[in-house]
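Asker: Protein chains in written order, with our numbering: chain W, 1 to 504; chain G, 1 to 358.
If you are wondering where the hints come from, they were derived from the structure by calculation, not from laboratory data.
Possibly wrong hints are sitting among the right ones.
Among the chain G residues that face chain W by a calculated CB cut under 7 Å, a handful are [what the hints assert, rightly or not]:
| no. | residue |
| --- | --- |
| 1 | 219 |
| 2 | 226 |
| 3 | 230 |
| 4 | 231 |
| 5 | 237 |
| 6 | 238 |
| 7 | 242 |
| 8 | 246 |
| 9 | 247 |
| 10 | 281 |
Below 35 Å or equal to it, Euclidean Cα-Cα: the simulated DSBU-like pairs (lysine-lysine) are [claimed, not checked]:
| no. | chain 1 | residue 1 | chain 2 | residue 2 |
| --- | --- | --- | --- | --- |
| 11 | W | 333 | G | 171 |
| 12 | G | 171 | W | 262 |
| 13 | W | 391 | W | 333 |
| 14 | W | 262 | W | 438 |
| 15 | W | 218 | W | 262 |
| 16 | W | 421 | G | 242 |
| 17 | W | 333 | W | 262 |
| 18 | W | 333 | W | 435 |
| 19 | W | 120 | W | 32 |
Restraint ranges, calculated between C-beta atoms of paired labels, are given here [claimed, not checked]:
| no. | chain 1 | residue 1 | chain 2 | residue 2 | range |
| --- | --- | --- | --- | --- | --- |
| 20 | W | 140 | G | 156 | 46 to 56 Å |
| 21 | G | 202 | W | 327 | 36 to 46 Å |
| 22 | G | 325 | W | 404 | 41 to 51 Å |
| 23 | G | 175 | W | 367 | 47 to 57 Å |
| 24 | G | 107 | W | 367 | 17 to 27 Å |
| 25 | G | 216 | W | 269 | 28 to 38 Å |
| 26 | G | 111 | W | 367 | 22 to 32 Å |
| 27 | W | 375 | G | 115 | 32 to 42 Å |
| 28 | W | 396 | G | 247 | 48 to 58 Å |
| 29 | W | 22 | G | 156 | 51 to 61 Å |
| 30 | G | 213 | W | 431 | 31 to 41 Å |
Ideal placement from N, C-alpha and C gives every residue a C-beta, glycine not left out.
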Amino acid sequence: MTPASTAVVDLVNIWKRFPGVIANAGASLQIKTGSIHAVLGENGAGKSTLMNVLSGVYRHDEGQVLIDGEAHHFRSPSDALNAGIGMVHQEFRLVPSFTVAENVVLGASDRLVRRTAVEKEVGELAERFGLATDPSRPIWQLSMGERQRVEILKALWRNARILILDEPTAVLTPSEADELGRVLRTMADDGRSIIFISHKLHEVTGFCDEATVLRGGKTVAASLQVADTNAHELAGLMVGSSPIISERPPARQAGEILLEIKNLEAQSDRSLPVLHGLSLQVRSGEIVGIAGVSGNGQREMAQVVAGLRPATAGSVSIAGQEVTATPPAARFKAGLGYVPEDRLGVGLAPRLTVTENAILRNYRSLRRGPFLDNDQADEHCQDLVERFGVKTGPMHEPIAGLSGGNLQRLLVGRELSGGPKVLVAAQPTRGLDVKGVKAIQDLLIAERDAGVAVLLVSEDLDELFTLSDRLLVIHDGQIVGEFNPETAQRHQVGAAMAGEVVTQ
Amino acid sequence: MTRLVLVRREQVLKGGQPLAFLIGLVFAMLIGVVLLLISGHDPLAIYGRMVEASLGSPRAWSITLNRAVPLGLAGLAVAVAGSMGLWNIGAEGQILAGAMMAAWVARLGEGWASPLLITAMLVAAVVGGALLASGPAVARAQIGVNEIITTLMLNEVALRLLQWLIHGSWKDPESHGFPLAPMLPDEARLPGLFERAHWGVVIALGVIALFGLVASRTSWGYELRVAGSSGATARYAGISLKRKITTVLILSGGIAGLAGGIELSGNADRITEGISAGYGFAGIIVAALALLRPSGVAAVALLFGAVQVGGLSIQTMGVSSSVSTILQAFILFGAIGAGVFSRYAVRRVKNDKTDNQS
């Protein structure tokens, strides 16, 4: 069987390396004409890189890009567009003060723009695909969903036969997302091929024909027929396995409740509700793992607990003290340690020195009169470096020169040095090498044994199974399942992550 | 085939900025040579005169130092805001506001003892600059209004207010109808230091040094560095960004206002529309060249003072003082251009088809 006869897009064994990172390590993807094809994978799985290769933003190091069976080497997005590939980016690229029609034809028309004629043509194109929009309205008046339609129109106007949509539903309300599904089907029926990138499994099963799953830069499941699979199989494929490093620590008797979240609600960066009455408790001496497909509210939950995102309803208590409306410093005082998902830029300030970053939590107590006591600061930094095995250059050099593992050791060490009662760690081992992962996992276990209540948010299911005393599954902003990691099966957790109601 | 590409250095070249500054200076002077030759002057004679007039004698030094005072304070004002990633483009207006407040106090305080009057004037000048900056500060901190726009526009407001005063209630009845404010009383004049230099030089140096100390050694300065490096990290550490933005912009305005007060009390006979001579805008260049560091601000201000004084001196030789403005601009261009190389290294690479730059 020669797949080239039916595949409009055939990416074969694509490799793409960046300094220090391999983004694609032999990824493959085949798209059939007239189908909607989902590309799935966790953050960092290599989806965006692969799409950027296909759309001409990056050039691949190895492998083949075949369009209609013919090899291409795109040098720019316009090369790709000439071959019929259009990309609808997650961040819209529209001129707010221009009208819909002006944005659609911008850069794609070499004749003078005659307003009425162009508006009529754009209107006809929109109608043909059911993309309800008024071509004469300026962009700034439109909702996010309408703006996205304009982006799709731009690609259609340029005769794209292959449309790539990068997490198109992230900015949409649920009803807008359903509407988008209908539009995509219309386009597929018209003979166009759609590549649909998403984290939301019910959308994939809802309106895609096939799915390809990437993990660690490789294709782990190619062109699955959506009709033959289900959401929890897909979830299981996405959050694959990494080598289990740390030994599962013996369970301990959990103590009093130190972190309590009740009926928490909050909004995403785009002001859409993202937590829907989330409740959980973490006791002294236990690690509670949070499993979930990314984008289901785990990031926002950690931020609300740390005081970096306001709660719109519900409450957060640390060691019996309600902190829902307090600023971050008060939570630190109440006994919270927080390892944020974004190490550099939130947890650490990239342009500051190692010492300056080391004292971020306790500089208020390192004073001599109005002055900061530099000797004490250096001492504190030296202490962290030694206790947590941070490999660092001069302590008065900017921190940006440290490796990822050492940055994380410094960050985790700093959060632990204050003797927290509660530790919230979001993706603490993501992107670290094997040694770094082990070091951080061991620290978490040691803290648990010392009586700290640890809330661990991770995309690595194996890590969660190994470290957690209790495993909670988050889906659509709620805790939808609780598992005992010693007895639970992976597929049960996968089903819960996909939003299927399960009982253990 | 090979070509040259810029590659980011792992660490910024040590001593790169002073070197870049020097390259900028040489670059600017070469451009100046071309300009002077085109306009039919002898570049060597002109440059000789500029150096002589600005640095050639104690008297020349005193004039240059006086000139460096408002440049340094305006530069510090911009640098203070810049260290938090804020751009105070309104130092010019804040200088005017400071001068106006000082002039107002001088009118009220007729007959006060000189030290008291001068102190009151300078405090009022700080308050004036701070007041003008407080609107943009609060708007930026509370609802995120871009401070570049608001501070820039208030320059115009301050200038019109000053014109209105000079043409209106502050007009000297003995000025024969000219829109001039009355002369300042002798008690309102800053005492001299040496030759033409006045005590403002000491005050400015003191303020710059004090801020340098506060920025580098106190926990307030530490918080400022954290917030300037990453707003998200500051929030994470429990530093209130709103409060920081407000205080820093108001402080910046106050420093620029002080420059206006010193200029009035030290250099001017009376308050005029032209009391600032563009110091507020030059301050932006000074701060940029000093990489927003207080120590650098003092050094760059001194050099710019010399270039400006030199530029004024060659007018008698038939050369437009615009020459000095052009020189200042090219120093900035040259230094910024050369500064790139302290952060990037030039590498020769082979051009082959499969290169994968993105």
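Asker: Each hint should be assessed against the structure and marked as holding or not.
Answerer: Status of the hints after comparison with the structure:
For residue 219/G, the suggested interface contact is upheld, since its CB lies about 5 Å from the closest CB of chain W, less than 7 Å. Interface restraint check for residue 226/G: the shortest CB-CB distance to chain W comes to about 5 Å, inside 7 Å, so the restraint holds. For residue 230/G, the shortest C-beta to C-beta distance to chain W is roughly 4 Å, which falls under 7 Å, so the interface hint holds. At about 9 Å, the closest approach between the beta carbon of residue 231/G and any beta carbon in chain W exceeds 7 Å, and the interface hint on this residue is violated.
Against a cut-off of 7 Å between C-beta atoms, the interface hint on residue 237/G holds, since the closest Cβ of chain W lies about 5 Å away. Hint on residue 238/G holds. Least Cβ distance to chain W is approximately 3 Å, under the 7 Å limit. Hint on residue 242/G is violated. Least Cβ distance to chain W is approximately 11 Å, over the 7 Å limit. Given the 7 Å rule on beta carbons, the hint for residue 246/G is violated: about 16 Å separates it from the nearest Cβ of chain W.
A cut of 7 Å between beta carbons decides the hint on residue 247/G: the least distance to chain W is about 15 Å, and the hint is violated. Evaluation of the residue 281/G hint against chain W yields a violated restraint, the C-beta minimum of about 27 Å exceeding 7 Å. This hinted pair does not check out: residue 333/W and residue 171/G have alpha carbons roughly 60 Å apart, beyond 35 Å. Taken as a hint, the residue 171/G and residue 262/W pair is broken in the structure, with Cα atoms around 69 Å apart against an allowance of 35 Å.
Straight-line distance between C-alpha atoms of residue 391/W and residue 333/W comes to about 29 Å, which keeps the hinted pair within the 35 Å bound. Using a Cα cut-off of 35 Å, the hinted pair residue 262/W and residue 438/W holds, with the two alpha carbons roughly 32 Å apart. Our distance criterion of 35 Å between C-alpha atoms is broken by residue 218/W and residue 262/W, whose separation comes to about 40 Å. Proposed proximity of residue 421/W and residue 242/G is supported: the alpha carbons are some 29 Å apart, at most 35 Å.
Note on residue 333/W and residue 262/W: the hinted pairing holds, with a Cα-Cα distance of about 21 Å set against a maximum of 35 Å. Straight-line distance between C-alpha atoms of residue 333/W and residue 435/W comes to about 32 Å, which keeps the hinted pair within the 35 Å bound. Restraint check for residue 120/W and residue 32/W: satisfied, since their Cα atoms lie roughly 32 Å apart, inside the 35 Å limit. Hint check: residue 140/W to residue 156/G, Cβ distance near 28 Å, so the stated range 46 to 56 Å is violated.
Remark: the range hint 36 to 46 Å for residue 202/G to residue 327/W is upheld by a beta-carbon distance near 42 Å. Distance hint for residue 325/G and residue 404/W: a CB-CB separation of about 49 Å, consistent with the stated range 41 to 51 Å. Separated by about 56 Å at the C-beta atoms, residue 175/G and residue 367/W satisfy the suggested range of 47 to 57 Å. Residue 107/G and residue 367/W have their C-beta atoms about 44 Å apart, which leaves the hinted 17 to 27 Å range violated.
Between residue 216/G and residue 269/W the beta carbons are some 35 Å apart, a value that agrees with the proposed interval 28 to 38 Å. Under the hint 22 to 32 Å, the C-beta atoms of residue 111/G and residue 367/W, about 46 Å apart, miss the expected range. As the Cβ distance of residue 375/W to residue 115/G is approximately 40 Å, the hint placing it in 32 to 42 Å holds. Between residue 396/W and residue 247/G the Cβ separation comes to about 27 Å, which falls outside the hinted range of 48 to 58 Å.
Look at residue 22/W against residue 156/G: about 55 Å separates their beta carbons, and that is inside 51 to 61 Å. Taking the beta carbon of each, residue 213/G and residue 431/W are about 40 Å apart, inside 31 to 41 Å as hinted.
When the structure is compared with the earlier hints, violations turn up for hints 4, 7, 8, 9, 10, 11, 12, 15, 20, 24, 26 and 28 and for no others.
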